[in-house]
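The task is simple: from the sequences and hints, build the whole structure.
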Amino acid sequence: MPSTSLALTPGLGSFLKSLKTHPVDTSIENLISLLKRRQIRHSRSCATATAYLLRHVVSVCKTSDPAKLIERVQSVGRRLMAAQPREMVVGNVVRRVLGLIRDEAEDDREAEFTLSEAGSESQPQTPRAFDDASLPLDRDALSLRAEGAERSSSRPTLQSMFSLLSHPDADHSLPSTPGTQSPNGRIPGHGPSSKDVKAEVLEGIGEIIDELGQVDDQIASYALEHIHSNEIILTHTSSTTVQKFLVKAASKRKFTVIHAESFPNNHEATHATVSGNSSGDDEHLSFESFQKPLIALGITVILIPDSAVFALMSRVNKVILGTHSVLANGGLVAAAGTRVIARAAKVHQTPVVVVSGVYKLSPVYPFDFDSLIEYGDASKVLPYEDGDLVDQIDVQNPIYDYVPAELVDLYITNLGGHAPSYLYRIVSDHYRKEDISF
Amino acid sequence: MADPVDLALPSSSATAPAQPLPKPATENTPSQQTQNLPIRDSKTAKTPAPSDKQSGKAKDVSKPAPASADAPGATGADKPLTPAELKKKAKAEKAARRAKEKLDREQGGAGTAGGLAPGGGQSRPPTAPKKDAAGGGASQKGQKAVPPRRGSGPTGQTGAVEHKKKKEDKSVAVFGHLYGQQRRTTIAGAGKEVHPAVLALGLQLRDYVVCGSSARCVATLLAFKRVVESYTTPMGTSLARHLTTHLSHQITYLSTCRPLSISQGNAIRALKLSIASVDPSTPESAAKATLCDFIDNFIREKITVADQVIAGSAAQKVQDGDVIVTFAGSSIVKQTLLTAHKQGKRFRVSIIDSRPLFEGKKLARALANAGLDVQYSLVHGISHAIKDATKVFLGAHAMTSNGRLYSRVGTALVAMSAKERAGGVEVPVIVCCETVKFTDRVALDSIVVNEIADADELVSAAPPQQVTGLTDPVTTTKPADNKKGTSSAPTTDPSDSSLTASSSPLTNWKDTPNLQLLNIMYDVTPAEYVDMVVTEMGSLPPSAVSIVHRMSTNM
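Chains as they are written, first to last, in the numbering used here: chain A, 1 to 438; chain B, 1 to 555.
The set of hints was computed from the structure by calculation and includes no laboratory data.
Any given hint could be a false lead.
[What the hints assert, rightly or not] The calculated lysine-lysine pairs, modelled on DSS-like cross-linking and capped at a C-alpha distance of 30 Å, are:
| id | chain 1 | residue 1 | chain 2 | residue 2 |
| --- | --- | --- | --- | --- |
| 1 | B | K272 | B | K317 |
| 2 | A | K248 | B | K170 |
| 3 | A | K380 | B | K391 |
| 4 | A | K254 | A | K62 |
| 5 | B | K170 | A | K252 |
| 6 | B | K170 | A | K254 |
| 7 | A | K380 | B | K317 |
| 8 | B | K387 | A | K36 |
| 9 | A | K318 | B | K387 |
| 10 | A | K292 | B | K170 |
| 11 | A | K318 | B | K170 |
| 12 | A | K254 | A | K198 |
| 13 | A | K198 | A | K20 |
| 14 | B | K170 | A | K380 |
| 15 | A | K380 | B | K362 |
| 16 | B | K387 | A | K346 |
| 17 | B | K91 | A | K346 |
Here it is in C-alpha cells:
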C-alpha cells in the first residue's frame, strides 16, 4: 500500500514496513512516538497502524490464554491511548480487538459446553448466513439478536431487555453461535483448543484491517441515494471519505461542489485535492493520489475561503462533511471551522450530512468539550514574517471543533444512513461494555 | 475602452500636428489596412500599431501578447499620426476588440490553445521569463515597473492577459452578474481629465493600501478636494455644471480601480449636491473655497468627529473583565477599544481574521502596541473564540435600510456564532457604524449585491522558504531547468510546470478545467443577529437604519 519513497519519512508507511522486521516492543515504542510526534495523524492512518500493531502483538504473544491476551492488549492499548488521547480511533480499534478476544473466549467456553451436550453442527449456519449478507465484521442488527442471546448465556450482565427475554430458550435455539465475529474460515466443528482462540483473533483483526481499507468505498456506495442532479454541495477539508463519496456520485450525476479551503491547517491538501495535482509529499495524500479529482469528472468545483461560507449557504442544497471522530451522543469532533459551517447550514435550513466510517465512532461521551480539542501550530495562523507580534498577542490555532449532534441531520457510515440519535445503538453493537473504559 | 487611444492623442499630435503620416513605416501599413478589414486580421496588426506606450499598455490588459514576429515593430511604430487617423484606428481597434471578445466567448475555456495563444507565456508563466520577454516584448516594453501586486504578483502581465481571456469560463455562475470588468491594472488608459491625486488614489484603492469604508471615503474626498483646488472652469460653462462632469470622470476612473463603497457613494452624492447648489454668480475662487470647506466639514462631521462620538459611546459598553470578539480590522472598532483602554478598563480582545486580506493583523498589532491583551485566531477558530466572549464588536461596510449589516465576508459567521452559542446565552453584537455608511439599498442575501475580488489573491503567494533564506531544493534546480528550457524549446515544459505546481497546487488554476476560485469581499448579516448599531446620532436597533438614513439625507 505505501509507496517506497515513504519509507524514508516517519509515518504510516515506514511504520508498517518496520513492523515486519522489528521486535514487538520496539514497534510499540515506535508507534507511541509516532503518535506523540503527530507523524501519524489522520484517523484512518492511526486506526490502520493500531490494527496492524495489535495483530503483531497478538501473533507473537506466547500465551494463548484469552485472559492473558486481553491483559496484554489492554496494556498496549493504554499506552497507545495515553500517547495521543485525542486520536480516539486508536482506542476504538483497541476496544474492538478486546471485544474480539472476549467473544472468542466465550465462544470457546460455550463450544466446549455445547459440543459435549448437543454437538449440533448445522445450527451455526444461521448466524453465519446473517453475517455473510452483512458487511464483514460489522455485527449488524440481525446478528445482534444471536449475539445478545449468546452473551446472556455466558454472562449474567445483560446488554438489553431483548436478550433478557430471549434468555430462557437461548441454549436450545442457538446452542452455539460462534459465527458472529469471524464468519469466514471457521470450521464448524472445531476443537476447543485454546490455540484456535489466537488464530480466530488474528483473523478478526485481519478483518478489521480489511474494513479500514474498504470503508470509504462502502460509504461511497450510498452516494447515489443522497445526491441528486444539479445539486450544490458544500464541503470542507480534503477528507478522502467525502471525496470518494462525491466522486462516486459524480459517475452518475451532475452537480456543483463548493469547497471551503479550511485555511491554516488543511488548505494545502484541500487545494491539492481540488485541483487534482497533489504534490505527493504528504503521507495522507499519497494514498489517494491515484484517485481522480472531481474536476476531471466534469464536476464544477468552486473553491472559497472559509469566511464566505455564510454568504453562499443560501444557495447550497446540502452540506457534506468529513469528521475526525464521532462521539456516542452523535456529536462530532471535526476539523476546526466545521462547527460554524454546520451552524450556518442549520440557520439556512440546509441539511448537514456527515460521512464517517464506523471505526471513527467512539463510545466516549463528551463531558468536557475542551479536552477533545487539540491546538495546533500557531505559526500557521501568524507566519514567520509577523514574528514580532507573537510576543505580544496570543495566537490560537485550534485543530478541531466540537459539533453538537443537533447540527447534524444524517450520518452515513459503512452500515448505511443513521440519525444522530441512533448512534448509541451502533456503539453498543461494536464495543463491549467492559471495554468502554479499560 | 476607447479612451486609451483618445488619451494618446494629445502627446503625439502635439509633436507633429496634422501631418499626413510622413513615412509610412512598414509596420504601420498593415494596421492602416486593417482599418477596413473587419475582424481577425486586425487583431494581429493591432499590437504593433500602438503609436505610443500608453495605449500599448492599455491593450496589454485586454488582449494576449502579440505573436513574436510582430514584436520588433512596436518600437518603430512611434510615428506621429494625425488626430483623424488616430481616431479612425481607435475605432477599428474597438471593433476588433469586440470581435475578439466574441470569439473568445465562442471558444470558451476549452480552446485555450486556439488561434489566440501567444507564443510565450501560456502555460508556464513564471519559469520562462526570457521567452515572454521575446514574445510579448512589444507590449511589455511599454509597461512601467508597476510594483508587483500582492497575490497576483509572480504571474504578472501574462497572468492578466490569460485572465481576461478565460474570464467567462472562470466566473462562478451564481455571481455572474458581479463579474463586470476586471479591476484596472495600470493607470494607462485613464482619461486625461483624471487628476494625478485621483490616479494615485485609484491604485491605492485597488491594492488595498487604502482599505476600509471610511478610509476610502476620506481619501476620496481629500483627492477630490485637490481636484477642486486645481480646477479652472473652462470658457463658456459654469462651475456648477462643468465641475460635476469633471468629477464624474474622476469617479469613473476610481470605480474601475475598485467598485465604489457605499460611503464613497454617499460622500460623492453630497459633494455633487453642494456643487449643484453653488450660485452661478459666485466667483470661481469663492465657489472653490466653499466647496473645499464643504469637503473639510463633511470629513470632520461625518467621519472624524463621528468616529470620536461613536468610539466614546461604544467604549461605555465595554466593562471590566469583558472579552470582546471582533472580526477583521475595522478602524472604528480599533478606536473604540483604544478609547476604552484609555479609560482604564481592563478587558481582553479576541480578533478573528480571515484570508486573503488579513486585516485583523494590523488591528492586533495596533492594540498590542497600546498594551491591550489580544488573542488572535482565524475564521476556523470562531467557535472557540466566541465561547468565552461577552461582547462582539463589529465594523461595517454599510448598513442596508432593511437593517442588515453589509460587511467584510465572514462577519456574518461571527455574528451568527455569537447568537447561537451552545450555552444558550447570547452574546450581544454591537455594530459601530457612521451614518455616512447607511444606504437606502436593501439586501436579502450576499449574492445580489457584493464585490468580487481577484481570485488570484487566494492562491498562496510566496512559499515560506523564501522568508528563511534557506536554499530550497526546488529553486536551486530551477535555474538549470530554465536555461535548458530557453535553449531547447518547449521540451522541458512539463518539468517546469510540475516544479511550479509544487509550490502551490493552485498556481495553474486558470488552466484547470472546471475549477473555479471565488473571492467575494462582503457578506450580509441578518438584522436579527445585530443587537445595536452605535452611530454618531446615538445607539439604535438595526431596524432604525432606514429612518436615520432618511433623516440624515433630508437635512
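Review point. Going straight from one Cα to the other, do K318(A) and K387(B) come out at no more than 30 Å?
Key: holds, 27 Å
**Study point:** Proposed proximity, K317(B) with K380(A) (alpha carbon, max 30 Å)
**Key:** The hint is violated at about 33 Å.
Review point. Does K198(A) lie within 30 Å of K254(A) when you go C-alpha to C-alpha?
Key: Judged against 30 Å, a Cα distance of about 49 Å means the pair is violated.
Practice item. Would you check the hint for K170(B) and K380(A), treating anything up to 30 Å between C-alpha atoms as holding? Key: Holds: K170(B) and K380(A) sit about 29 Å apart, inside 30 Å.
Review point. Does the alpha-carbon distance linking K198(A) and K20(A) stay inside the 30 Å limit?
Key: holds, 19 Å
Review point. Has the given pair, K254(A) with K62(A), been kept, meaning a C-alpha gap of at most 30 Å?
Key: Distance ~56 Å between K254(A) and K62(A) Cα, so the pair is violated.
Review point. Taken at face value, is the distance from the CA of K170(B) to the CA of K248(A) at most 30 Å?
Key: holds, 25 Å
Review point. Within 30 Å, alpha carbon to alpha carbon, are K170(B) and K254(A)?
Key: holds, 18 Å
Point to revise | Hinted pair K387(B) and K346(A), Cα distance within 30 Å | key: With a Cα-Cα distance of about 19 Å, the restraint between K387(B) and K346(A) holds, given a limit of 30 Å.
Review point. Given the proposed pairing of K318(A) with K170(B), does the C-alpha separation stay at or below 30 Å?
Key: This hinted pair holds, its Cα atoms lying about 23 Å apart.
Review point. Do the alpha carbons of K170(B) and K252(A) lie within 30 Å of each other, as the hint requires?
Key: Cα-Cα ~24 Å, so holds.
Review point. Under the criterion that the straight-line Cα-Cα distance not exceed 30 Å, is the pair K380(A), K391(B) satisfied?
Key: holds, 27 Å
In summary, the numbered hints that this structure violates are 1, 4, 7, 12, 17.
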